[in-house]
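Chemist: Chains as they are written, first to last, in numbering that gives the first Met the number 0: chain H, 0 to 485; chain Z, 0 to 313.
Please note that the accuracy of each hint is not assured.
Pairs of lysine-lysine, DSS-like flavour, derived with a Cα cap of 27 Å [stated by the list, open to error]:
(1) Z:168 to H:256
(2) H:428 to Z:154
(3) H:323 to Z:57
(4) H:461 to Z:57
(5) Z:154 to H:191
(6) Z:168 to H:463
(7) H:144 to Z:225
(8) H:322 to Z:57
(9) Z:154 to H:82
(10) H:461 to Z:77
(11) H:461 to Z:154
(12) H:188 to Z:168
(13) Z:57 to H:250
(14) H:428 to Z:168
(15) Z:214 to H:250
(16) Z:71 to H:428
(17) H:251 to Z:168
(18) Z:168 to H:478
(19) Z:71 to H:231
(20) Z:154 to H:109
(21) H:109 to Z:168
Chain H stretches covered by chain Z per the calculated footprint, using a threshold of three residues with CB under 8 Å from any CB of chain Z [unchecked claim]:
(22) 35 to 44
(23) 87 to 100
(24) 247 to 260
(25) 339 to 347
(26) 432 to 438
DEER-style ranges, computed between Cβ atoms [what the hints assert, rightly or not]:
(27) Z:167 to H:416: 36 to 44 Å
(28) H:360 to Z:137: 53 to 61 Å
(29) Z:92 to H:285: 43 to 51 Å
(30) Z:66 to H:136: 48 to 56 Å
(31) H:33 to Z:32: 38 to 46 Å
(32) H:411 to Z:289: 30 to 38 Å
(33) H:369 to Z:47: 52 to 60 Å
(34) Z:80 to H:416: 20 to 28 Å
(35) Z:136 to H:122: 35 to 43 Å
(36) Z:92 to H:179: 44 to 52 Å
Keep in mind that the hints were calculated from the coordinates and are not lab data.
Glycine included, every Cβ here is placed at the ideal spot set by N, Cα and C.
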Amino acid sequence: MFKKFQKLLVFGVTATMLAGALSGCSTGGKKGSDDVIVWYMPKCIDNMSDLDLVMTEANKKFEEELGVTVDLRLIDYGNYGEKMNVIITSGEEFDICQSVSYDTMVRQAKAGAFVPLDDLLKQYGQDILSKWTDLEYATATVDGKIQVVQGQGTYSTAESIVFKKDLVEKYGFDYKNVKTLEDLEPYLKQIKENEPGMIPMMHDVWGAVSQRYYDESIPGLIFDDEAGRYIKLYEATDWLNERRIKNDFYKKGYIAKDAVTQKDTQTEAKSGRYAVMNNTGYYTEDGSKSSSNLGFPCVEAYRGNTVIAAKGGASQAISSTSKKPEKAMQVLNLIWKDPELSNLLGYGVEGVNYVVDEKRSAEIGSRSVIPKSGNEMTWAIWHNCVGPLWDQWDSSWNRIESLQYMQEVNRTAKRSPAMGFILDTEPIKTQFAKVTAVKDEALPVFNTGSMDDFDAYLEDFKRKMDDAGLNDILEEANKQFEAWKK
Amino acid sequence: MRLEKRNVLGRRNAGIRRFRKNLPLLLIALPAIIYLFVFNYIPLYGLVLPFKNYQYSKGFFGSEWVGLENFKILLNNKQVLIATRNTFFYNLTFIIVGTCVAVVLALMLYEMTSRFVKVYQTMLLLPHFISWVIVAYVALVFLDMDAGLFNGVRKLFGAEPILWYNSPKYWPPLIVIFNVWKSMGFSAIMYYASLMGVDQELFEAAKIDGAGKLKQMWHIAIPSIKPLIITLTILNIGKIFYGDFGLFYNLPQNSPLLYSATDVIDTYVYRTLTVLGDMGISSAVGFYQSVLGFILVLLTNWVVNRIDSDNALF
């Protein structure tokens, strides 16, 4: 009796393990069938529990107009880049995905992960093209081919420094007149001496480089606006000076000791332990943007607008593994064509995710809505991810004035001479890999100022960079840039 | 003629009989065999990847051959050198310290007769099941530079806080301590189990002959688990160029200031090549890792063969 049971047990265990091993191989399954468009996107907010509800509504439209349905697959924001990389590298069949970041998009496009869209856009995407400006074209184009459907958005952000309001008032600090990193010092000193529980400054303040420089996308280099060419990052005087000041701040205890290991600066800022923080989106005069993002009253000081480099913003790509790129393009086109649809995808379903604000609608002459917020918020895709941001209905997310202002900024802000230039890394592949490794090791240390001896670290950094082949990259970048300018 | 035939038949029968006899054992091993085949043998075709310029659109077989182009990253690359050095020496230390600690623990467990043996075993084994992510945060509770336990105590006595996560010099011992703490239970239990199989009479005979505890251990216990020690060591040497990613990435909180002491090949690959996304270069580094490991296994086995051929793997 017992023997028999034992045998059964062995058999049973073996069988389950075997089944487990075998089914493990096939979890990639659930391939899109002919009339389903599989679309990967990161979650804009954690709780997206109304996915089925919203997509049922949206699919009614897709079904009616195009005869397809969209299977929207949402991935946690933090894991999106990694998961998408696996999905693309493994050659899984899907139709549309949101690009992870501009640099990732360029890399994946160059490796042939996406379908070039020039012809598809001409044939099926007229409603998209009619809403594009030269900025969207420039951003979407890689090596002369349009690779993504670039969402509308701001190309020049108003940078700001955020101050915790109660402390600024307590010490009567004239935050509006902060122009340089040095201007912060007296205030940081006061905080350090008088507020024992507080850390004076978040390490990512002045994280972005000065206005004169931009385009850090080539590791170890920086584009010098005045000189009109790429220079070595460690030869950019403004950059060096700011890092040096940060190191000074770090030694004086104005920056957290563990700054270099902090991964999530936003959560860190929300803790309320910091007196001075970096901007959380863009500058607002009354500090409303940072106050609502961080959850406590803040005020902001304007630093200036970034130069337009047309590198960034959300975009949607069509996978080269897609069996029906035409349909995918039609789906995207329909969203750009129909504001009802794009706002449905953005805000969710009326009555469930938002209500219409009749009074304000009448005032501004177009629809205004009040979306659910806080814990009641169970759906949101930011409109620039959906695509046509300028078609967004007025709400607390974006007032109609700010939408108009953003478009105005896009028209008037200063543009980079390198706008649209993309370095072909193929001839300098190994140097690129090595320099990237050095950069990834050193930049967090520079940006937080957390080295013991600034000059020694800098010398070491220079040596490592040059050993890794920075000179080759510099030469190649400027050569390609000159050729591209013509 | 006849005789020969019978012999063949007999041999075949014996083969079948042996197979029958071992069938349950084979069945038990089957999942592992399938696992090994599916995950370690089938993917072997991927070894062509380091020699190709991989393009998603051209696919695996369509991508062009570039020869040793992808291996250029290994040339004149100090960071790879540092990472290789770290991987090798950490693992070597883990093998030496880990084995010693585990054997000593197994001997202690073996000498224990109280009914708490099970409790000790469980306590020793427990860390093995905790993820490195959690261990890393437990470590942070001790080592946090502002609010950590150590620095809290130091502050109490008016000493300057130690900047653990900013200074590489503290990390070699810390990493060894944490890794040994986490892995000692598992190997100790293996040695303990093997000790349980030693004939009790040997110990009794030794006792009658007047051997003390230490003599018994040295002359009976350790020689009898020697084959296991050698096998496990050879197997571990095979993995000597594989850094435990969970350990080296999480425990130092991925602090860039510590890379010189904590960077191993695996974290280097992760950091550089996920950003770069170049399959060719990534797999070239992986290839380099496995070739080094393979050479070392052959070398160790050769050495063992010369010293004591009974215990060699092949």
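Chemist: If a hint holds in the structure, say so; if it does not, say that too.
Modeler: Right, here's what the structure says about each hint:
1. Z:168 to H:256: Between residue 168 (chain Z) and residue 256 (chain H) the Cα gap is close to 17 Å, so the pair holds against 27 Å.
2. H:428 to Z:154: Not satisfied, since the Cα-Cα distance of roughly 49 Å exceeds 27 Å.
3. H:323 to Z:57: Holds, because 18 Å separates the two Cα atoms, which is no more than 27 Å.
4. H:461 to Z:57: Distance of about 38 Å is beyond 27 Å: violated.
5. Z:154 to H:191: Distance ~18 Å between residue 154 (chain Z) and residue 191 (chain H) Cα, so the pair holds.
6. Z:168 to H:463: Holds, because 20 Å separates the two Cα atoms, which is no more than 27 Å.
7. H:144 to Z:225: 65 Å, violated
8. H:322 to Z:57: 16 Å, holds
9. Z:154 to H:82: 44 Å, violated
10. H:461 to Z:77: Holds, at about 14 Å.
11. H:461 to Z:154: 37 Å, violated
12. H:188 to Z:168: 31 Å, violated
13. Z:57 to H:250: 52 Å, violated
14. H:428 to Z:168: Violated - the C-alpha atoms of residue 168 (chain Z) and residue 428 (chain H) are around 33 Å apart, more than 27 Å.
15. Z:214 to H:250: 58 Å, violated
16. Z:71 to H:428: Satisfied, since the Cα-Cα distance of roughly 9 Å is no more than 27 Å.
17. H:251 to Z:168: Status holds; Cα separation ~23 Å.
18. Z:168 to H:478: Violated, because 43 Å separates the two Cα atoms, which is more than 27 Å.
19. Z:71 to H:231: Status holds; Cα separation ~23 Å.
20. Z:154 to H:109: 54 Å, violated
21. H:109 to Z:168: Between residue 109 (chain H) and residue 168 (chain Z) the Cα gap is close to 42 Å, so the pair fails against 27 Å, i.e. violated.
22. 35 to 44: violated (count 0)
23. 87 to 100: Three-residue rule met by the stretch 87 to 100 of chain H, so holds; n is 3.
24. 247 to 260: n = 5 at 8 Å, threshold three: holds.
25. 339 to 347: Result for this restraint: violated, n = 0.
26. 432 to 438: n = 5 at 8 Å, threshold three: holds.
27. Z:167 to H:416: 36 to 44 Å: 42 Å, holds
28. H:360 to Z:137: 53 to 61 Å: With a Cβ separation near 55 Å, residue 360 (chain H) and residue 137 (chain Z) satisfy 53 to 61 Å, so the hint holds.
29. Z:92 to H:285: 43 to 51 Å: This hint is violated: roughly 58 Å between Cβ atoms.
30. Z:66 to H:136: 48 to 56 Å: Given about 39 Å between the Cβ atoms, the range is violated.
31. H:33 to Z:32: 38 to 46 Å: Because 40 Å falls inside the window, the suggested range holds.
32. H:411 to Z:289: 30 to 38 Å: This hint is violated: roughly 57 Å between Cβ atoms.
33. H:369 to Z:47: 52 to 60 Å: 58 Å, holds
34. Z:80 to H:416: 20 to 28 Å: With Cβ atoms ~39 Å apart, the hint is violated.
35. Z:136 to H:122: 35 to 43 Å: Violated, at about 54 Å.
36. Z:92 to H:179: 44 to 52 Å: 49 Å, holds
Hint compliance for this structure: hints 2, 4, 7, 9, 11, 12, 13, 14, 15, 18, 20, 21, 22, 25, 29, 30, 32, 34 and 35 are not met, and every other hint is.
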